[in-house]
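When you get a sec, could you build the whole thing from the sequences and use the hints?
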Amino acid sequence: MTSAAKKLSQTAGLPPGTLVYVGDHKKQTARITLFDFDVNQYKEQEIFSVEECFPFKDSETITWINIDGLHDVDVIEKIDSRFGIHPLVLEDILNTEQRPKIEDYGDYVFITLKMFNYNPELDEVTPEQISMIFGSNYVITFQESQGDSFNPIRDRIRNNKGRVRRMGADYLAYALLDTIIDDYFVILERLGEKIELFEDQLMGDTDNTWPHKIHQLKREVILLRRYIWPLREVVGGFQRIESNLINKATGIFLRDAYDHTIQVMDTIESYRDMLSGMHDVYLSSLSIRMNEVMKFLTIFTAIFSPLTFLAGIYGMNFQHMPELHWVWGYPFILVIMATITSLMLIYFKQKKWL
Amino acid sequence: MTSAAKKLSQTAGLPPGTLVYVGDHKKQTARITLFDFDVNQYKEQEIFSVEECFPFKDSETITWINIDGLHDVDVIEKIDSRFGIHPLVLEDILNTEQRPKIEDYGDYVFITLKMFNYNPELDEVTPEQISMIFGSNYVITFQESQGDSFNPIRDRIRNNKGRVRRMGADYLAYALLDTIIDDYFVILERLGEKIELFEDQLMGDTDNTWPHKIHQLKREVILLRRYIWPLREVVGGFQRIESNLINKATGIFLRDAYDHTIQVMDTIESYRDMLSGMHDVYLSSLSIRMNEVMKFLTIFTAIFSPLTFLAGIYGMNFQHMPELHWVWGYPFILVIMATITSLMLIYFKQKKWL
Amino acid sequence: MTSAAKKLSQTAGLPPGTLVYVGDHKKQTARITLFDFDVNQYKEQEIFSVEECFPFKDSETITWINIDGLHDVDVIEKIDSRFGIHPLVLEDILNTEQRPKIEDYGDYVFITLKMFNYNPELDEVTPEQISMIFGSNYVITFQESQGDSFNPIRDRIRNNKGRVRRMGADYLAYALLDTIIDDYFVILERLGEKIELFEDQLMGDTDNTWPHKIHQLKREVILLRRYIWPLREVVGGFQRIESNLINKATGIFLRDAYDHTIQVMDTIESYRDMLSGMHDVYLSSLSIRMNEVMKFLTIFTAIFSPLTFLAGIYGMNFQHMPELHWVWGYPFILVIMATITSLMLIYFKQKKWL
Amino acid sequence: MTSAAKKLSQTAGLPPGTLVYVGDHKKQTARITLFDFDVNQYKEQEIFSVEECFPFKDSETITWINIDGLHDVDVIEKIDSRFGIHPLVLEDILNTEQRPKIEDYGDYVFITLKMFNYNPELDEVTPEQISMIFGSNYVITFQESQGDSFNPIRDRIRNNKGRVRRMGADYLAYALLDTIIDDYFVILERLGEKIELFEDQLMGDTDNTWPHKIHQLKREVILLRRYIWPLREVVGGFQRIESNLINKATGIFLRDAYDHTIQVMDTIESYRDMLSGMHDVYLSSLSIRMNEVMKFLTIFTAIFSPLTFLAGIYGMNFQHMPELHWVWGYPFILVIMATITSLMLIYFKQKKWL
Amino acid sequence: MTSAAKKLSQTAGLPPGTLVYVGDHKKQTARITLFDFDVNQYKEQEIFSVEECFPFKDSETITWINIDGLHDVDVIEKIDSRFGIHPLVLEDILNTEQRPKIEDYGDYVFITLKMFNYNPELDEVTPEQISMIFGSNYVITFQESQGDSFNPIRDRIRNNKGRVRRMGADYLAYALLDTIIDDYFVILERLGEKIELFEDQLMGDTDNTWPHKIHQLKREVILLRRYIWPLREVVGGFQRIESNLINKATGIFLRDAYDHTIQVMDTIESYRDMLSGMHDVYLSSLSIRMNEVMKFLTIFTAIFSPLTFLAGIYGMNFQHMPELHWVWGYPFILVIMATITSLMLIYFKQKKWL
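Chains as they are written, first to last, in the working numbering: chain B, 75 to 428; chain D, 75 to 428; chain V, 75 to 428; chain W, 75 to 428; chain H, 75 to 428.
Check the hints yourself; a few may be wrong.
The list makes no distinction among identical chains, and a pair is therefore deemed to hold if it is satisfied within one copy or across any two copies.
As the list claims (entries may be wrong) - Below, a list of computed lysine-lysine pairs in the DSSO-like style, where the Cα atoms sit at most 27 Å apart:
hint	residue 1	residue 2
1	LYS287	LYS235
2	LYS235	LYS131
3	LYS287	LYS268
4	LYS117	LYS131
5	LYS152	LYS131
6	LYS235	LYS322
7	LYS117	LYS152
8	LYS235	LYS117
9	LYS152	LYS235
10	LYS322	LYS152
11	LYS287	LYS426
12	LYS131	LYS287
13	LYS235	LYS426
14	LYS287	LYS425
15	LYS268	LYS426
16	LYS287	LYS423
None of these hints come from the bench; they were simulated from the model. These numbers were taken from a predicted model, which means no experiment stands behind them.
Set out below in structure tokens:
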């Protein structure tokens, strides 16, 4: 959360449009893959020099260039000049703390949003920034690190499954967006299972790690919420763009993606409600437990105080205490003590403290 | 709640428009019933092969096809191609975690929303998805499982009661929608009675199952709220559709359905307010109880501490303790003890602790 | 609150426009009174057969028909057919759980809202539904039970006071609406006095009936809020109607009624704020009281534990305890005990526990 | 707060436009002062009979009539008929519980809002209603009681300072409005100082008057908020009036007054936030204090319970207790007791309870 | 916070447009620096007499006048008359408690907003007001005190880096605005680190300085929020200005600045959420700690009460207590005591109190 401010504060004072990669620096070089297809044919190719992509720009076919790794600023800049992208767009691509947004630059549309990767070892969700530029016949995607999220789309292109090869660059962009949104449900499912598990375990449990656990989940939800909230504007903005770049037939699919976004947001909101409900339940558990402890203490005190006092009485050393000389004095006092104890127990039973 | 994310995550990566039924799989085959009517006549028919419906498509009369059971994807697909429905609509029908929505596709309107079934044995409310497609002279409804919610409409058609046979497919769609919304009041009534019962029982009760019970009710309200909230947009959208499919006379009925939706939402909101008020009352009860327990403990301690101390004093073995040799020493000390006790009791009376 | 859902669930499944009275059934027959007036003259008449009203429909003068008691569905239906009212309107009139609303049907305008009756014996506020239909020269009002709320208007008509006889049916409708809104202030005044009284009594009081009392007031405010909130739309809608039915001169009065509605809502909102503030104050009182009880307990324990221990020491039976044989042993130990007690008291004084 | 409802409930049932003064009745007669000025000259005059004002109505110069005291309904009515003011306006002037508002009546504009007077003796803020009517060449102001808030404006007119004599009646109305808003900052300053003082004093203090003090401040803020909130609409409405009454040059000043209003509202909102934060801090203080008390109690109990028990053991009267006959038995047991005490103290030190 | 109201209350009663500096008075005289540049050349100059600036007003080149120190009202007034600035603008510049805003005066645009300076010694953030006026070929900036925030822009002008010398006065204004917004991230980073540090330290810690620390952070966030919230309107307003002053090419950069503003606001909102979460965690810690203390106390009481009672029994002085004469009486009673203690410990183990 706070790291966003941290990273952005590095660029304070630089002229806008200066290309600085603010993400974590990784060692691999950027990996570029290219798909070029139309209904009838497709070509898949790994690119080692960015210049290899350039001839595809002016071809009739749809070209999808995917770049894994943003630290190679040089590559980004070459694409910039060749595809005529505004420097601010490229600054936004490199700024991995960018808020999700969509911008229509006339000749091309720029989309940036977050993908979430779940690391099962650390039980942690980490955001990764995905940027997309699409023009009339090309889509360029930028990922922070290598991932396999787009594989279903790659398969669909290879096998000509679905509509992806029949429709334009806008549909490809939609399909990629939809894949990312679909992935959110996987993250939400994991989170939801965790919340349900916690709810079952929490009932009546006063383990003192709960506030920490609930707080952690809350932070995770705040993180997700922060990156997913602007998504509605992104998908909504995609729908509203009036441009030749967007085919009418794609609109109906965008409406569907929009619905999914709303559903993601609804789910996050109900998670928030449930988590704050869990905190209330935990606090109640603590109070209930405290009540029980106090009752226990009080019962012990209330029973033994009078008994100990009675024993103290007959432990006094007065010369003239007739009871001490009675033959049945000792048994008599024991009976009295038993009676007091019984009355106390009956009283507590009636008060429902026992 | 979380199951929605769970089910949707199954379809992540599939091309949009792929027909996958994400609901629970049941064993019965889909059951199809057909009504065909105009003002003068009606025909009711159980359909065993989906092809039997097709001739009705082009008839002048209003045709209502109801399909119970969504798992028979084959049936859905046949209807798709014959009635010219967009694949995304059919995907939405099968996706039983769909958010309620209305979509105008020009030739037909698609509505999906939730119905709630109360299971009295488990004391549980389960949502069921209802989808509806209506065109100029037909209505197709899809239910997850067999139910009798639409029976009142069936009776009205059979007996030519109300306006349903005099008006068009849009009115039939409205009537079905209205029936579902009316059913919400039954669920809300049950919920409201439970809340009132709980409120009466809760006063002064510190039973430790309350946080759980209140939390359960809250979850139920969150569930209802989540599915009913979008309904306003659905009914509002229905009203705003500008199309030949919607007769002007139906508009006035839709306004009425809209009012009912708002009323359902208002009721849910006041239930939320009341439930969070109940939690506050419960927490207060706990604190009050704690105060009482503490007072009890303190009174016992405050009375017996000085008495036991006094008894301890005269239990000391000093050789030179003149009081021990007084003839009236023992009665004297008992009187002192009684006096201390009385003063304490008076003090607590004044403090209103007793 | 919950009774609304209860009553509405009775009509689930009936065709819209079916006339069913969902309110409580009372024994008296409906009472119909009629006023017919223009600037120069007025006629007041009790009606025993609904047909007597019909001739007034087409007269030039303004006719006000008031019906007390909704259970006589037959009367309502006759008025329906004669005045050409849409069946849904009449369904809404009978449905006493209707949300306040205004609807423009072209020839007439339909308004329904709540009036509140305070029952001083039960110290309870009960809502009553008032419906109004007004056309170019008539106003029909429907009340659940007989009441005297409209008497001020009746007096104004009888005595030709104010503008009511000089202006049209729309002004009469406004005047009736304004009378109802004015009555809200009476209810709010009572509520406000109760809140102020409670605030004064609450300070430092930890009586355990407070949570219940505050919760009751909160429920009352939720009830009022629920019925009054939609009123803004009603009066706002009245202002916005563009129709020949509404005279321009009436508009300026409606603006005034709108201001009053906003003021009612503001007052209710500040009551809510004050009530939730009261709950906080009560919880603080409980905590303060608990702190005091605990301090008291601790002081007692802290003073008597060392004393009792010391007495216990010299109650031991060791043969070789030189102090026991000192002549001044007993006074000496008493002085030590007094010193310990004094030091403790000084310590607690310094800690401000005393 | 509640008194608003109380006063308004007095007028329930009266025809709209009936002139009833609902404020507190004071004994002095209304005091009327008049300013008549243009750029070159000004005249200041105390008026004893309302008719003296009338000639100024049609003069070219700007006339400002200020009326202190609303109880003299007769005066108000005469002005009514002479200046052609709508009866509802005059009703609003007399109704001192009126919500702040602005209304454009074509020939004149009516503004009503609240001024706040601080009474340092009672340490209380009381609202006073100010109403203003301005036409093309006159401004009439109505105050509940005599005050000196408008003196700065009077001085400016007398000394021809600022723009007030160069511009029209609209600018004078703005200047009066601005003076009132400026006065809010004085009230807010006092409130802010009180809050800061309280914040400094509150830290760690568990005095049981805090909930009351904080609640009082909260009520004061609720009161201010309630009367200042509608002000935004008033100033905003003033800006939006499209009328010959408003000079373009005044618009830029109104924008400034609008900014000030927003700033007043922002300040009130942050006060609310700070006050609810203070309540949290106080509750934490109570809990911290409770923890300390409990620790203290527990330490005492934990140290003296074992010691008293040990002393009890050797106070038993068994014949065969060899330790009792040891020569070093008594010193030995004292050493054991000292050891137990030391160990306990070390344990509590480690637990950081000491 | 409250100081804003304090300072503004000083000007209550003065005519609008009166120039009064409400900030803290400092001793240095205002320092004026001037940049004059176009693509080909630039001139940097320190100004000692304000008249030196005037010739630049009508030059073709872009002129940037920066004034450090607002207390020299004379300087401000001279600039006023020469550049034809409205008196209200200059009043706003001097009023250092001004809410951030943008105003279009036709010939020039006025912007005022806050910069934040972090004082590491006091660990405090103090706001400083920055005002900006820009016309077709000049920008005038006003700072409360000397600072180096604009140095990056100065360097860019000197070294002709970025676009600043190629574009107009509007771009320079944007660049200055962007520099200020970038600085916010530095402040947010510091705040975020503090919050994360606190979160790590807080877990399980019940130190009683936490409420104070959290409250301080909350106040800081409220302060930031109050000054940054209006920024959205400022940058949004900048974007929407339709004027020859704004070049189309600048619009795309403003969109970027707008995104940054939203991101700053999002960050502040999540800080608020996290801080209120921290308060909850702290309260839970207190309750958990209380529970532990209580358990400890209860265990001690429950173990030693019966033991002490038993010892008391055999400390009684009855003549006829056979156990006292048994040879094995003493060891026997010790065994019984050990057994009771063991059973208690087992019981507490089972209850998980140990």
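Okay, the hints, checked on the actual structure:
Taking identical chains as interchangeable, the C-alpha atoms of LYS287 and LYS235 are never at most 27 Å apart, the minima being 44 Å within one chain and 50 Å between chains. With identical chains, the CA atoms of LYS235 and LYS131 are at most 27 Å apart within one copy only, with a shortest distance of 24 Å there and 31 Å across copies. Taking the closest pair of Cα atoms, LYS287 and LYS268 come within 27 Å of each other both inside a single copy (11 Å) and across two copies (21 Å). For the homomeric pair LYS117 and LYS131, the shortest alpha-carbon distance inside one copy (14 Å) is at most 27 Å, but the shortest distance between copies (45 Å) is not.
In this homomeric assembly, LYS152 and LYS131 come within 27 Å of each other (Cα to Cα) only inside a single copy, at 13 Å, whereas the closest approach across copies is 42 Å. In this homomeric assembly, LYS235 and LYS322 come within 27 Å of each other (Cα to Cα) only inside a single copy, at 21 Å, whereas the closest approach across copies is 43 Å. Taking the shortest Cα distances, LYS117 and LYS152 sit within 27 Å of each other inside one copy (23 Å), while across copies they are farther apart (35 Å). Taking the shortest Cα distances, LYS235 and LYS117 sit within 27 Å of each other inside one copy (15 Å), while across copies they are farther apart (42 Å).
Taking CA atoms no more than 27 Å apart as the test, LYS152 paired with LYS235 passes between copies only; the shortest distance there is 20 Å, against 33 Å inside one copy. Taking the shortest alpha-carbon separations for LYS322 and LYS152, only the inter-copy value of 26 Å comes in at or below 27 Å, while the best intra-copy value is 32 Å. Taking CA atoms no more than 27 Å apart as the test, LYS287 paired with LYS426 passes between copies only; the shortest distance there is 21 Å, against 34 Å inside one copy. Proximity of LYS131 to LYS287 under the C-alpha cut-off of 27 Å is found in neither arrangement, the shortest distances being 51 Å within a copy and 58 Å between copies.
In this assembly of identical chains, the alpha carbons of LYS235 and LYS426 never lie at most 27 Å apart, being 69 Å within a copy and 59 Å across copies at closest. In the homo-oligomer, the alpha carbons of LYS287 and LYS425 lie at most 27 Å apart only across protomers (23 Å), although the nearest pairing inside one protomer, at 36 Å, exceeds that limit. When the C-alpha separation of LYS268 and LYS426 is checked against a cutoff of 27 Å, the pair qualifies only between copies, where the shortest distance is 25 Å, while the shortest distance within a copy is 37 Å. Only between protomers do LYS287 and LYS423 lie at most 27 Å apart by alpha-carbon distance; the minimum there is 25 Å, versus 38 Å within a single protomer.
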